Amino acid sequence: MTLATIQGSSWPRLLLLAIVMPLLASSLPAQAASMSTSLFTESSERPNIVLILADDLGFTDLASYGSEISTPNLSTLAKNGLSFTNYHTAASCAPTRAMLLTGVNNHRAGVPNIPEMIPPQQRRHAHYQGTLGRNVVTVATLLQDNGYHTYMAGKWHLGMTPDLLPSRRGFEQTIALADSGADNWEQKPYLPIYEKANWFADGEETTLPEDFYSSRFLVDKAIEFIDSNHADDKPFFTYLPFQAVHMPVQAPQTFIDHYMGVYEAGPQALRAQRHANAIALGIVPASSPMVTMATTDDWQAMSAEKKRYEAKRMAVYAAMVEAMDYHIGRLIEYLKETDQYKKTIFIFASDNGSEASGLANQNTSLNQRVLRAQNYNADYTTLGLKGSFNAISPSFASASASPLAYYKFYVGEGGMRVPLIIAGDSIPLKNELSNAFSFVTDITPTILALTQTAKPAERYGGRKVEAIIGRNLLPLLNGHTKRVYAEQDSVGYELGGHAALFQGDFKISLNRAPLGNNEWRLYNIVTDPGESKDLSSMMPARLQNMLGLYHQFTIDNKVLPVAANYYAQRQVALNGLQQRFGSQILLMILTVLVVLPFYLVYRLSHK
Amino acid sequence: MKKVLSVIIALPAVMFIMTGLRWLVDPATAAAQFGMPLLDGIGLSTQIGDLAAFFIAGGMFVFIALITSKRSWYYPPIMLVGFTALFRVLAWLLHDATLAVQMIVPEIVIAVLLLAASRIIPEHE
Chain A
1180 MTLATIQGSS WPRLLLLAIV MPLLASSLPA QAASMSTSLF TESSERPNIV
1230 LILADDLGFT DLASYGSEIS TPNLSTLAKN GLSFTNYHTA ASCAPTRAML
1280 LTGVNNHRAG VPNIPEMIPP QQRRHAHYQG TLGRNVVTVA TLLQDNGYHT
1330 YMAGKWHLGM TPDLLPSRRG FEQTIALADS GADNWEQKPY LPIYEKANWF
1380 ADGEETTLPE DFYSSRFLVD KAIEFIDSNH ADDKPFFTYL PFQAVHMPVQ
1430 APQTFIDHYM GVYEAGPQAL RAQRHANAIA LGIVPASSPM VTMATTDDWQ
1480 AMSAEKKRYE AKRMAVYAAM VEAMDYHIGR LIEYLKETDQ YKKTIFIFAS
1530 DNGSEASGLA NQNTSLNQRV LRAQNYNADY TTLGLKGSFN AISPSFASAS
1580 ASPLAYYKFY VGEGGMRVPL IIAGDSIPLK NELSNAFSFV TDITPTILAL
1630 TQTAKPAERY GGRKVEAIIG RNLLPLLNGH TKRVYAEQDS VGYELGGHAA
1680 LFQGDFKISL NRAPLGNNEW RLYNIVTDPG ESKDLSSMMP ARLQNMLGLY
1730 HQFTIDNKVL PVAANYYAQR QVALNGLQQR FGSQILLMIL TVLVVLPFYL
1780 VYRLSHK
Chain B
13 MKKVLSVIIA LPAVMFIMTG LRWLVDPATA AAQFGMPLLD GIGLSTQIGD
63 LAAFFIAGGM FVFIALITSK RSWYYPPIML VGFTALFRVL AWLLHDATLA
113 VQMIVPEIVI AVLLLAASRI IPEHE
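These protein sequence lines map, in sequence, to chains A and B.
Sequential numbering of the first sequence, starting at 1180, is according to the numbering used here.
Sequential numbering of the second sequence, starting at 13, is according to the numbering used here.
Any given hint could be a false lead.
[Claimed, not checked] In silico DSS-like pairs for lysine-lysine, Cα to Cα no more than 30 Å straight-line: (1) 1661/A to 1258/A; (2) 1413/A to 1609/A; (3) 15/B to 1786/A; (4) 1565/A to 14/B; (5) 1258/A to 1367/A; (6) 1413/A to 1634/A; (7) 1258/A to 1485/A; (8) 1634/A to 1400/A; (9) 1786/A to 14/B.
Derived by calculation from the structure, the hints in this document are not laboratory data.
If you're wondering where the values come from, they're calculated on a predicted model, not measured in any experiment.
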């Protein structure tokens, strides 16, 4: 810039720069911030991070948490780090993803619920769109700005328009499913509310390969992304949110074969077995009781044919979990072969508890007809294969959540408590369990600490951003402390009128219909993770205090109430109808309104 | 005969109005139906404004013709549809556009039906 231009017409721009630059400077990350709790303070080398998110994986679906399902690679990771037994996430996927990637409460991040479930009266509010707001910064953006390569391969579900896709939220290379789920064998929607399965590559609509199977494909893409920059010295952050084990529950035949005959004792027996296994492994206390969920069908009363069918539904589910683990193993092998494994930290979690929305009777002729309209079937012989629609029954979902109560979409522990494993050669603790309370908002601050990246200031990238509320879990990983939340610290949560608040060892929760009774309950979730004993009448003062904290949480986070007759699954159907057929219905109404007066005048004038 | 013909020409009129309204309600789908991308800026304004007006006015002309039974009201929709077919052919001849037979044929059929109706139905000149 010459003196002439400075003195001439450019001075208003300089004035603007003078105003803007200090603001920008204050919002840029302080990359050299000291990280006294970092595992890497003695080394200049920053770790690679692989953040793996399973979808709808229940609390005891991993072998290291008490499952009969073979998950050797995740077990190896568990032996190489810390497994959390009191980790909580949101009770549904998009809110979890918003908190996981930002460390900010989901209501403040614009994702109070999945968009498919938000009623119109709530959607009028800017923070109730179900898409990740611009008032939050993703961990990917922070890491990218701190010299990391950032990749994503998997389900996004935080917005579908170009400005909301992961390629605009800090991810350098992406392959992303924008919907709540999709078929695992082909590019096909799994629900009639979607016109198509919306996949995007680097922000552009894309088509899937012919030989697509979700877990294999996503790991292939993750490896491809990592390998594309392997030659340079920059560390990477890979976010790998699997479709597994969201419905439709599908898996390759070779994996299904491993579980044929395994589930013939039924869901009650499996729930009991997993409870016993979890106690033996130290996942839950030895004395922890377990309730029988109301959704549990009487296995003994079922016909042999029905038992056979239900057992295969669960076998496919187990196969899908094992397939995911197998492909995680391929990623680990690749990192070992390319000498990147030792400097990589793995974080594995589920986005919510087990899914109990599958039909109790999946292969009825009525359901088969409905499925045929979507080019699906639920035949026994091909269950889980291409063209098959499958989900586990609510009965088996209670086994997947064992020994916890409730499921996905509910604020019982079965909906919110899921596995979390943080592992890597540099993690000091090996093969240990932590019973410390932790929440999904803790993942981002933990990654920031691991990578020596500063939290965003009040402003970032020129705009005001929400503060991270999560806690850094590094002191737990280092073995320096037994808890990161003090006794008096509280964490609130709300989902479509279901409500919960955690404080110390206690939790209050309110579950709405159809499975809940809309009443507040108080539980000690450390001694009684199965939420078998309501303590509200024994500890009324604690209940009142926690109710007050929850009320404050709703004010602080602008939580909107739902109508008394709000029912989430019905809202999904209504929103889906409106989204897919709303314009056609409006068109028909308008056409009638325009044509009708002509018709009436015609009738009158031709009498 | 007159009644049957009235119903026959009322059907495309309803379709015209529905197509015009679709440009107002769901322009992306409407554009796709006509094999064109949805533009932006002034292009989008022209797409929605001109095409919605064309179809809604075309449909309304037919209804007014049926109500008033005056022959002169048939001529505007005949010209709109007939010229559209003619200009599509010119577009093919002069500007290398695709010869959209699947659109030209229905347009000619509708124009002929309207012409026939203008001869048969009207009670007033």
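So, going through the hints one by one against the coordinates:
no.: 1; hint: 1661/A to 1258/A; result: holds, 19 Å
no.: 2; hint: 1413/A to 1609/A; result: holds, 27 Å
no.: 3; hint: 15/B to 1786/A; result: holds, 13 Å
no.: 4; hint: 1565/A to 14/B; result: violated, 56 Å
no.: 5; hint: 1258/A to 1367/A; result: violated, 38 Å
no.: 6; hint: 1413/A to 1634/A; result: holds, 20 Å
no.: 7; hint: 1258/A to 1485/A; result: violated, 39 Å
no.: 8; hint: 1634/A to 1400/A; result: holds, 29 Å
no.: 9; hint: 1786/A to 14/B; result: holds, 15 Å
Hint violations for this structure: numbers 4, 5 and 7, all remaining hints satisfied.
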